[in-house]
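Enquirer: Residues per chain are reported as follows:
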Amino acid sequence: MTDATKKTKGGLTRRKLLKTTAAATGAAIGSGVITGFPTIWAQNPITLRQFGTGVSNINAVAQKCKEDLGITLEMTAMDSDAAAQRAATQPNSYDIADIEYWILKKIWATGVIQPMDVSKLTYYDDIVPLFKTGKLTPDSEIAQGTAPHTVGFVNAPGDKTFADAPTGYMTMVPTIYNADTLGIRPDLVGREINSWADILDPAFKGKTSILNIPSIGIMDAAMIMEADGQIKYGDKGNMTKEEIDKTIEFLMKTKKDGQFRAFWKTFDESVNLMSSGEVVIQSMWSPAVAAVRAKGIPCKYQPLKEGYRAWGGGLGLASHLEGAQLDAAYEYINWYLSGWVGAYLNRQGYYSACMDTAKKFMSDNEWGYWIEGKPATEDILSPEGQVMEKTGAVRDGGSFEERMGHVACWNSVMDEDRYMVRRWNEFIAS
Amino acid sequence: MSTTANAEPQKRARPGLRLPLAVVSWLQAAPLAVILGVFLVIPLLLIVVVSFWDYDFAMMYPGFYTFNYAETFGSWVTWKTYLNTLKYAAIVWALTLVIGFWVAYFLAFHIRSAAMQTVMFLICTVPFLTSNIIRMISWIPVLGRNGIVNSALVSMGIVREPVEWLLYSDFAVILAMVHLYTLFMVTPIFNSLIRIDRALIEAARDAGASSTQILTNVIIPLAKPGMAIGTIFVVTLVMADFITVLVMSGGQSASVALMMRNQMSLLQYPGAAANAVVLLIVVLMMVAGILRIVDIRKEL
Chain Y
1 MTDATKKTKG GLTRRKLLKT TAAATGAAIG SGVITGFPTI WAQNPITLRQ
51 FGTGVSNINA VAQKCKEDLG ITLEMTAMDS DAAAQRAATQ PNSYDIADIE
101 YWILKKIWAT GVIQPMDVSK LTYYDDIVPL FKTGKLTPDS EIAQGTAPHT
151 VGFVNAPGDK TFADAPTGYM TMVPTIYNAD TLGIRPDLVG REINSWADIL
201 DPAFKGKTSI LNIPSIGIMD AAMIMEADGQ IKYGDKGNMT KEEIDKTIEF
251 LMKTKKDGQF RAFWKTFDES VNLMSSGEVV IQSMWSPAVA AVRAKGIPCK
301 YQPLKEGYRA WGGGLGLASH LEGAQLDAAY EYINWYLSGW VGAYLNRQGY
351 YSACMDTAKK FMSDNEWGYW IEGKPATEDI LSPEGQVMEK TGAVRDGGSF
401 EERMGHVACW NSVMDEDRYM VRRWNEFIAS
Chain V
1 MSTTANAEPQ KRARPGLRLP LAVVSWLQAA PLAVILGVFL VIPLLLIVVV
51 SFWDYDFAMM YPGFYTFNYA ETFGSWVTWK TYLNTLKYAA IVWALTLVIG
101 FWVAYFLAFH IRSAAMQTVM FLICTVPFLT SNIIRMISWI PVLGRNGIVN
151 SALVSMGIVR EPVEWLLYSD FAVILAMVHL YTLFMVTPIF NSLIRIDRAL
201 IEAARDAGAS STQILTNVII PLAKPGMAIG TIFVVTLVMA DFITVLVMSG
251 GQSASVALMM RNQMSLLQYP GAAANAVVLL IVVLMMVAGI LRIVDIRKEL
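For the record, the sequence lines run as chains Y and V. Heads up: the first sequence at position 317 corresponds to 317 in UniProt numbering, and the numbers run straight through without jumps. Heads up: the second sequence at position 207 corresponds to 207 in UniProt numbering, and the numbers run straight through without jumps.
Keep in mind the hints are simulated off the structure, nothing from the lab. Honestly, I wouldn't trust all of these hints.
Said to hold, decoys possible - Only pairs whose alpha carbons sit at most 30 angstroms apart, straight line, appear in this in silico BS3-like list of lysine-lysine:
| hint | chain 1 | residue 1 | chain 2 | residue 2 |
| --- | --- | --- | --- | --- |
| 1 | Y | Lys135 | Y | Lys295 |
| 2 | Y | Lys305 | Y | Lys253 |
| 3 | V | Lys87 | Y | Lys205 |
| 4 | Y | Lys232 | Y | Lys246 |
| 5 | Y | Lys64 | Y | Lys120 |
| 6 | Y | Lys120 | Y | Lys205 |
| 7 | Y | Lys390 | Y | Lys295 |
| 8 | V | Lys80 | Y | Lys255 |
| 9 | V | Lys80 | Y | Lys241 |
| 10 | Y | Lys232 | Y | Lys305 |
| 11 | Y | Lys160 | Y | Lys205 |
| 12 | Y | Lys132 | Y | Lys255 |
| 13 | Y | Lys360 | Y | Lys120 |
| 14 | Y | Lys255 | Y | Lys241 |
| 15 | Y | Lys246 | V | Lys80 |
| 16 | Y | Lys359 | Y | Lys66 |
| 17 | Y | Lys253 | Y | Lys205 |
| 18 | Y | Lys253 | V | Lys80 |
| 19 | V | Lys80 | Y | Lys205 |
| 20 | Y | Lys295 | Y | Lys374 |
| 21 | Y | Lys256 | V | Lys224 |
| 22 | Y | Lys295 | Y | Lys305 |
| 23 | V | Lys87 | Y | Lys256 |
| 24 | Y | Lys253 | Y | Lys295 |
| 25 | Y | Lys232 | Y | Lys205 |
| 26 | Y | Lys253 | V | Lys87 |
| 27 | V | Lys87 | Y | Lys255 |
| 28 | Y | Lys160 | Y | Lys241 |
Here the structure is a predicted model, which is why all the values come from computation and not from measurement.
Extracted from the complex, chain Y is given alone in its bound form (with noise of 0.2 angstroms):
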């Protein structure tokens, strides 16, 4: 089986280099036509392993993909912490790793994923600035924590270290990413909400919760403490020892005050809790706000002066792929960028690299509420039809510029990480 495939690839590189380019240039051109793709894929099978976290793991990609390009992707959703397990100890289990960029900076010194070469990215021009330069706009702050940009490039292949500038090698292509805040039941807190410190207000004593991931429970509290007015972080996303110990010494005494009701660590934990009223504030993730909406339970996405943490994700090839696998691979990265998968994120609240090829495949409308901000002039549906939004909702949180123009850190790996989960274990402890 093995043999047979690998037999067919000497000849199928050549003759698939001249489509691809052949597509390519079509794609050049502007008609942002899908079936400009080769199809060649069809009479010589290709399956393309992809593993990642649920956000982007979704079989409709999957199904669209076979559609479009005639490959097949074998799709396993995990959680994060299963992920970068899987990443780093597992590198031949998969072809495509569909990771977050603070796992990568974690496993990319181990030499499981290959740096991927520029010039074959077709809509690198159009990802956004954010994974470039790690600014939206030219005069944005850059975030603290890891920013996507920060690891986003290698001088040459075979580099254990990041460069600090864009080179002609991505370590991931960056596909999805959002901004998190704390969700609220506006009609249980009974008070404006706008500050992450409002978490810690004696009227919520027992009603509020915050994530039990270690990497990223601790950068919440790091954003409530600092917006407490408590503490002042060098890098919120890489603490020292001292900026641990306090922020573990604040979060015991928090929990001993009774402020906590529980610590969420799935997604449908944090639903639950929310949409039972065992918490009425909490850091909570946007399509679980939704999940909570859906439910007829009112809840908000609460934007918060001191800004957003954000996490974003991209998907990086295997080092062992080559040969057809490999062509096959940058095919299918093309693809994703160009336009219909950004879109099918888009609808589901989290953000597309490529914001203009998917700006192609949604309404006027659809892009209004999602990206621009603005009311909806119809329903909004879901990616999968149903109803989400009614007309005249306008997105919590705003426009995509006033969301991830507002990052205030991202989800990061510490170099004292073995010191956190150590005192995060003390924490949970007490």
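Please build the complex by placing chain V on the supplied structure of chain Y, with the hints as guidance.
Expert: Relative to the frame of chain Y, chain V by itself:
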């Protein structure tokens, strides 16, 4: 007898087919030995080896370092977490033992027909058709702030404000664990009780023993092996449980296994391995202690 005697020489007549007895018994033991070796002993040895390695966030560095253990033993979290986990184990063990014994007693002595006993026993196992997690999280809407228990209490006027400690507390953890693990106690105790010779009970009654005396002097001693096996099940399950603790305490309480899980979530395998080795030793010591008190093999 005579047939066997005749068969023997026949077999001898075909040399080459007959293996020495020692080889036969080795062959018989081989499949289990291979399975246990590959899936239990080798992984365990690997865990022990890895627990002495160094690591950073991307890689593990083979070597021989003891600081993983130093960190484990030197931290008050370890002690506190073990204490907490042992507390859960002790309380859950006591509750499951009492409940399990009475359920088993009822099944064994009050249900007359064997068919009915089987039916009742199957009913006990019905909840196990759903997953552990489903059975656990179904407690959440029952115990929650606006849950069934609280709305009942408030509407009956027993309490004015909803009771907060029902959910996301040690109470919730222990309740869920008792619910999840009682059957592991019922089964072995039932198995012991069902094999008690009824003549013994009749003899005790004829000799003038009261029901209590029969229970304490005849039934409970004979049920000890079942209790011991059930205890081993429950104690090892509770010691290794992290998901019940995580979900039912709302992440507010720690357990040993939860600590390991946190370490693994940031790829700190050697640290987690050191923790695992310590836990394994603790659990093995507990099991050895139980086996010293009750000789299971003698009773089986």
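Enquirer: Take a quick look at whether Lys253(Y) and Lys80(V) sit within 30 angstroms of each other, Cα to Cα.
Expert: holds (17 angstroms)
Enquirer: Under the criterion that the straight-line Cα-Cα distance not exceed 30 angstroms, is the pair Lys360(Y), Lys120(Y) satisfied?
Expert: Answer holds: Lys360(Y) to Lys120(Y) is near 22 angstroms, not above 30 angstroms.
Enquirer: Keeping to a limit of 30 angstroms between CA atoms, is the pair of Lys87(V) and Lys255(Y) held or broken?
Expert: Given pair Lys87(V), Lys255(Y) holds - Cα atoms ~21 angstroms apart, limit 30 angstroms.
Enquirer: Does Lys295(Y) sit within 30 angstroms of Lys253(Y), going by the straight-line distance between their CA atoms?
Expert: Since the Cα atoms of Lys253(Y) and Lys295(Y) sit roughly 34 angstroms apart, the hinted pair is violated (cutoff 30 angstroms).
Enquirer: Given the hinted pair Lys232(Y) and Lys305(Y), is their Cα-Cα distance within 30 angstroms?
Expert: Answer holds: Lys232(Y) to Lys305(Y) is near 16 angstroms, not above 30 angstroms.
Enquirer: Starting from Lys305(Y), check that the Cα of Lys253(Y) is at most 30 angstroms away, please.
Expert: Measuring from Cα to Cα gives roughly 25 angstroms; hence the hint holds.
Enquirer: Going straight from one Cα to the other, do Lys87(V) and Lys205(Y) come out at no more than 30 angstroms?
Expert: holds (28 angstroms)
Enquirer: CA of Lys255(Y) to CA of Lys241(Y), is that 30 angstroms or under?
Expert: At roughly 21 angstroms apart (the allowed maximum being 30 angstroms), Lys241(Y) and Lys255(Y) satisfy the hint.
Enquirer: Could you grab the alpha-carbon distance between Lys135(Y) and Lys295(Y) and see if it respects the 30 angstroms cut-off?
Expert: Outside the cut-off at roughly 37 angstroms; violated.
Enquirer: Taking 30 angstroms as the top limit, are the C-alpha atoms of Lys253(Y) and Lys205(Y) close enough?
Expert: holds (13 angstroms)
Enquirer: Check the hint pairing Lys132(Y) with Lys255(Y) against an upper bound of 30 angstroms on the C-alpha distance.
Expert: violated (40 angstroms)
Enquirer: Below or equal to 30 angstroms on CA atoms is what counts here, so check Lys80(V) against Lys205(Y).
Expert: holds (26 angstroms)
The structure fails to meet hints 1, 6, 11, 12, 21 and 24 from the earlier list, while all remaining hints are met.
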